[in-house]
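Novice: With the hints as extra help, turn the sequences into a complete structure.
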Amino acid sequence: MLSAAFAAHPATAAALQRHSVRPRQLFSAPIATATPTRRSRAAMLSVKNAVASQSPLTARAAPRDLSFPILVNSCTGKMGKAVAEAAVSAGLQLVPVSFSAVEVPDGKLNICDRDIHIHDLSESERILSSIVKDYPDMIVVDYTVPDAVNANAELYCKLGLPFVMGTTGGDRQLLNKTVQDANVYAVISPQMGKQVVAFLAAMEIMAEKFPGAFAGYKLEVMESHQATKLDVSGTAKAVISCFQKLGVSFDMNEVNLVRDPEEQMAIVGVPEEHLAGHAFHNYHLTSPDETVSFEFQHNVCGRSIYAEGTIDAAMFLRKKIQDGANKKLYDMIDVLSEGNMR
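Here my numbering is used: the first residue of the sequence shown is 1071, the next is one more, and so on.
Hints in this document: simulated from the structure, not taken from any laboratory. These numbers were taken from a predicted model, which means no experiment stands behind them. Hints are supplied without guarantee of correctness; some may be wrong.
Unchecked claim - As a list, the in silico SDA-like pairs of lysine to any residue whose alpha-carbon atoms are at most 20 Å apart:
| id | residue 1 | residue 2 |
| --- | --- | --- |
| 1 | K1148 | S1303 |
| 2 | K1398 | Q1243 |
| 3 | K1228 | S1199 |
Claimed, not checked - Cβ-Cβ distance ranges computed for the label pairs, FRET-style:
| id | residue 1 | residue 2 | range |
| --- | --- | --- | --- |
| 4 | T1361 | D1241 | 42 to 48 Å |
| 5 | S1319 | K1203 | 53 to 59 Å |
| 6 | E1274 | L1300 | 24 to 30 Å |
| 7 | G1394 | E1274 | 26 to 32 Å |
| 8 | G1286 | G1394 | 48 to 54 Å |
Every residue, glycine too, gets a C-beta built ideally from N, C-alpha and C.
Specialist: And the structure:
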C-alpha cells in the first residue's frame, strides 16, 4: 500500500500520537553470518540432472519474446524466494539452480513445485560457466548479502551474464564501474518497488523545481521495518534528502526507528503477519506557527512489490538485449520510464 496524505490544519491529538513512539536504541552486536559448508560431491546433483528433472511450466505464459531463463541468486533468502515465485507466475523459465552459504535438506528447495538445487558458494563460477551453455539467454537476479555484491558482480561480468542487482550495500561506485568496464547489460537499484521508486522520483522533481518551498518547517520521520533491520532505510534517506533540498533542516539521527513488534502493531499499525517483512514510513511536516501540516506516508507489507518490480526489471533488460541497445547500465527509473510494466 502506498499513500500520500495532506492536512491543512494542526494535527489532532490522535495524529500526534503517531509521532510519540519512543526511539529505539540500535543494537551494536555484530550480525552473525552463516559459514559455508562444502557438500560432498556425491550428494550434489549435476546441473544437467537438475535441468532434466524440471517439469514444464504451468504458470500463465509470458509473451514468447520475453519467456527467457532467469536464475535467482539466492533462493534460500526470503527476497530471493519471492522473486523466484514471481518469475514462475510471470511465465519465465526458472533455472533450477541457486547458490547459498546456507545448508538446506537434500541440497534443494521446492519453489512452485520446482526443485531448485542449492550449490555451495565456492562452486558459483564453475556451475555458472556450465549453465550458460544450456541457457544462453539467461539473466541472473541477485538477492544475496551486501558483502557479496561486488564479488558477485565481478563474476557475472567475467562470464558476460546480464544481471539485475537488487541486493543493497557494497561499494556502489565500484559496482557501476565494474559493469561499465565489462560492457555487460545490468539493472542496478537498491529499491525495486516500482511505485516507491515513482514516489521517490516525484519527490526529487519537487525538490529540483521548488527548492526552499518548505523552509522553516519542522520534519518528523518515523520508519518501521522488521527487527533485523538496524539502520535507517535507503528509501527514508533519499526522501529526507529531498526535504532538505526543499529547505527543511533535519539530522538523519533524528529518524524514529521503530523495531519493537509490540509498538509496530499497537502504534504503527503493522499487521502481525507482516512483522517479519514490512516497510512503513511516515514523514510529517509542520509550519513554524503550527497552523499547517503535511504528511507523506508509504506502507508496504510483504515483499511482493519488490519481487514484481524485479521481474519487470528483468523483462526490461531482456528487451534491451534483444534490441541491441547501446546503453548497458540501467536503474529502476529507466524501467519506469519505459512504461511497459505489467
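Novice: None of the hints should be skipped; say for each whether it holds.
Specialist: Now the hints, each set against the structure:
A threshold of 20 Å between alpha carbons decides the hint, and for K1148 with S1303 the separation of about 18 Å falls inside it, so the pair holds. Taking the CA atoms of K1398 and Q1243, the gap is near 16 Å; set against the 20 Å cutoff, the hint holds. Between K1228 and S1199 the alpha-carbon distance is near 10 Å, which keeps this suggested pair within the 20 Å criterion. T1361 and D1241 have their C-beta atoms about 46 Å apart, which keeps the hinted 42 to 48 Å range intact.
Range check, S1319 to K1203: about 58 Å between beta-carbon atoms, so the 53 to 59 Å window is met. Taking 24 to 30 Å as the suggested C-beta distance range, the pair E1274 and L1300 conforms, at roughly 27 Å. Taken as a hint, the range 26 to 32 Å holds for the pair G1394 and E1274, whose Cβ atoms sit roughly 30 Å apart. As the Cβ distance of G1286 to G1394 is approximately 52 Å, the hint placing it in 48 to 54 Å holds.
Hint compliance for this structure: no hint is broken.
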